Amino acid sequence: MEEIPKTNFSLKDVVSISDFKREDIEAVLNVAECMEKLPKERKSSLLKGKIVASLFFEPSTRTRLSFETAIQNLGAGVIGFADAKVSSVKKGETLSDTIRVVSGYADIIVMRHYIEGAARLASEVSSKPIINAGDGANQHPTQTLLDLYTIKKAFGKIDGLTIGLLGDLKYGRTVHSLAQALSLFDKIKLAFISPEELKMPEHIKEHIKGIKYEEFTELAAVLPELDVLYVTRIQRERFADPAEYEKVRGKYIVNKESLKGAKECLKIMHPLPRVNELSPELDQTKYALYFEQARNGVPVREALLYLLKDVRKW
Amino acid sequence: MEEIPKTNFSLKDVVSISDFKREDIEAVLNVAECMEKLPKERKSSLLKGKIVASLFFEPSTRTRLSFETAIQNLGAGVIGFADAKVSSVKKGETLSDTIRVVSGYADIIVMRHYIEGAARLASEVSSKPIINAGDGANQHPTQTLLDLYTIKKAFGKIDGLTIGLLGDLKYGRTVHSLAQALSLFDKIKLAFISPEELKMPEHIKEHIKGIKYEEFTELAAVLPELDVLYVTRIQRERFADPAEYEKVRGKYIVNKESLKGAKECLKIMHPLPRVNELSPELDQTKYALYFEQARNGVPVREALLYLLKDVRKW
Amino acid sequence: MEEIPKTNFSLKDVVSISDFKREDIEAVLNVAECMEKLPKERKSSLLKGKIVASLFFEPSTRTRLSFETAIQNLGAGVIGFADAKVSSVKKGETLSDTIRVVSGYADIIVMRHYIEGAARLASEVSSKPIINAGDGANQHPTQTLLDLYTIKKAFGKIDGLTIGLLGDLKYGRTVHSLAQALSLFDKIKLAFISPEELKMPEHIKEHIKGIKYEEFTELAAVLPELDVLYVTRIQRERFADPAEYEKVRGKYIVNKESLKGAKECLKIMHPLPRVNELSPELDQTKYALYFEQARNGVPVREALLYLLKDVRKW
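Residue numbers (the numbering used here), protein chains in the order written: chain A, 1 to 314; chain B, 1 to 314; chain C, 1 to 314.
Pulled out of the complex, with its shape left as it was, chain A reads as follows (with noise of 0.2 Å):
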């Protein structure tokens, strides 16, 4: 019989990556890992009878779907909307009142919001633990957790590795929390790969200032040492001007030609969804990664959720 291991996990809303320490980060990456051996039958017992809510005032396929996924695996119902459209909030309710109302229904409340700070907020009011499921292009801490998960799971350990950041390093949330959460384990190299005007902003670089990093304009001047190349979108409207866009793009566009000389165990990461920055010739290679991180979104939420379904918050 599969044992869910004991943990410390400290937390009662996952709101930031910044609130977790490394005993944090493991007790998730830990129970993760055994959700994926649970059988069937014992994982659908363990929120039985419970609601989560989810509550998407901004869409998301990938993040609802795979959370929706989650609680049900669990054995919990879900309560919610994809859009805030279809909530109160046009009847012009704040959030803290909305947050409060649902706090009465449901035993968890996952949340998307479009406003930074929405999730920290909501924490404060609500009687039941918040996951963060995105706050503006502030935090998503469950994208780091899946994202260290899929590193863990495919090298054994995170300790160690050398891991490049590619493209937009300034306004990418996604790369700001990795690097922070990166910087909690041993001998982690970072190589921070973008054009000039998107460089990694100093108050990150401040925050891991403990470990390792290197900037880089070029990933042919790094790929050599590199074992995971996590791929960001540069967008277009992060250039003043276009022509600037132009001249930057193609060079951070990653594809067959642009892995030669890659270690043969490196592997490439990306968020998703992707547009043209992940080359589609790249879905079959050895490198590919990305779909299987997508997945890896099911089992560390599975894992949050029966990490929280306890907290008693006051």
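Since the hints were made in silico from the structure, they are not lab data.
Some hints could be false.
Computed list of chain C residues with no C-beta within reach of chain B, every gap over 12 Å [to be verified]:
1) I4
2) K37
3) E41
4) G117
5) E206
6) H207
7) L259
8) A262
Below, computed lysine-lysine pairings styled on BS3-like, alpha-carbon distance capped at 25 Å [what the hints assert, rightly or not]:
9) C:K153 to C:K187
10) B:K50 to C:K187
11) B:K50 to A:K48
12) C:K153 to A:K40
13) B:K313 to A:K313
14) C:K48 to B:K40
15) A:K40 to C:K50
16) C:K37 to B:K313
17) A:K50 to C:K48
18) A:K40 to C:K40
19) B:K286 to A:K50
20) C:K313 to A:K37
21) B:K48 to C:K187
22) B:K37 to A:K309
23) A:K251 to A:K199
24) B:K48 to A:K309
25) C:K153 to B:K50
26) A:K40 to C:K48
27) A:K313 to B:K48
28) C:K48 to A:K37
29) A:K48 to B:K37
30) B:K50 to C:K37
31) C:K12 to B:K313
32) C:K50 to A:K309
Computed from a prediction, not measured in an experiment: that's the story for all the values here.
Ideal Cβ positions, reconstructed from N, Cα and C, are used throughout, including at glycine.
Fit chains B and C to the supplied structure of chain A, relying on the hints for placement.
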């Protein structure tokens, strides 16, 4: 083992509070009380294998989510939509046809519609019970039932209480239905507190003429006598002259100041969402009953679903 | 104990009715018949612990709700969307990527899409079975299967019947697929009844040349021979000249008057929603089979989900 009370609930559809006799209301309140005590395991078997349709031709968060919580708590599955835009309405199908088709899929139909009388029409063509979750400005009987349940839970009874209804008494369907329902109880005293322009309509006063009621334009004039103060919003759109709106608006905002002189046991209720009419400074006071009131929507709706689950209409 | 029939159902996806051999159709009809008799308890264990995605890139009430009823009746959970606006489509993700990701979450994918061929494409990239719930003007195979099931249930057989298809035979995907499927049965006679402008296309007539069919512009000319009259709507937009539309419209409205001379056993079918082409005065007559037809969508979709539940594609 908790016993679910046997009742003489006489209705086959829940369309209008006017259809309820006192004993029907009491059946709902008694079963709702029991629902709060039933073990989850037992509760989730009550509608097991059934499907409940949740058809919201007009959006609503609170009502829809509390119904969908109740449905799943009882073990049934949910089908439906949160918004008419995703339905066949736009293809020109009549409401009658939509209801007839859905009554072929579901065991009970919960519906909100923007047209007055829609639920009555639906109940006439549906082979399965209809629960009206609001039809335009007309009726919202499950709101009234949860209001009554909240009062009974707070005071242990409804008979003999003095209840103030404040705000827009002319257009507010909530206060119309609540006044009607309260008129079925003994020794109730009602205080109607509103601007001159928004007084309780004559046809409602006619309907409840068996009980004591009095009209006021100032809360202070009756506050010391009230056990319950039920607050509703005054909408700008109700006033032809915006200056008139500005004049009355401030007078009907309820806050700590305006509650000076209230009974110790006074309870404030509000159907929510609120905008400005009820100050957040009251949220942490002993007066505030409105978030519990929202939460009470769940056991009351569970009770209705339970009472209708085996209805055969023809 | 009711036995679910063992079948040789050969498909791994349900994309087009053209993929069905007669024995595949019979497998579905036989399992559907059994689904109507299975005790709820047993039925709800058949897909227990599974997740079915319901991806409606284009809205639909009837099809979506009957699928979601079927999914939950079999004990599976549902994820998905009722409208492409709440999906990642608007972020520019390709359909292939969306399907690949969702096939990492769900065990079966039901999808409706506005583009012809979308379901075929999806079936090629999805590791899980795809059920086409309509792709543009192209195919809607589960509608055809429920049509066949309805006929079989009413007459005890399909072989040997005379079936009239009336209305827009040029653009109506429903009647194209139904004609094709009926051509797999024995001794079928088809009557195509339509305005000159909206006759059955040559490629369909080519496809079904093994069976007897005849074309008419007047219902009366063939009515006395019909066992089934399958009515579809004639849309104004199909006519370049509005005067032409007004001229033909009235001739193809089916009501009590137009059914004079019909067989006693005649059954009227319609895929719904109807607008004017089928008079409500027929609803209470012995001819009306269209609401039962809609209801039959549930057991037929249950059968398909059951038959695909353990498919491994690669």
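Practice prompt. Against the structure, test the hints numbered earlier, and report the numbers of the ones violated in rising order.
Written response: 3, 10, 12, 13, 19, 21, 27, 31
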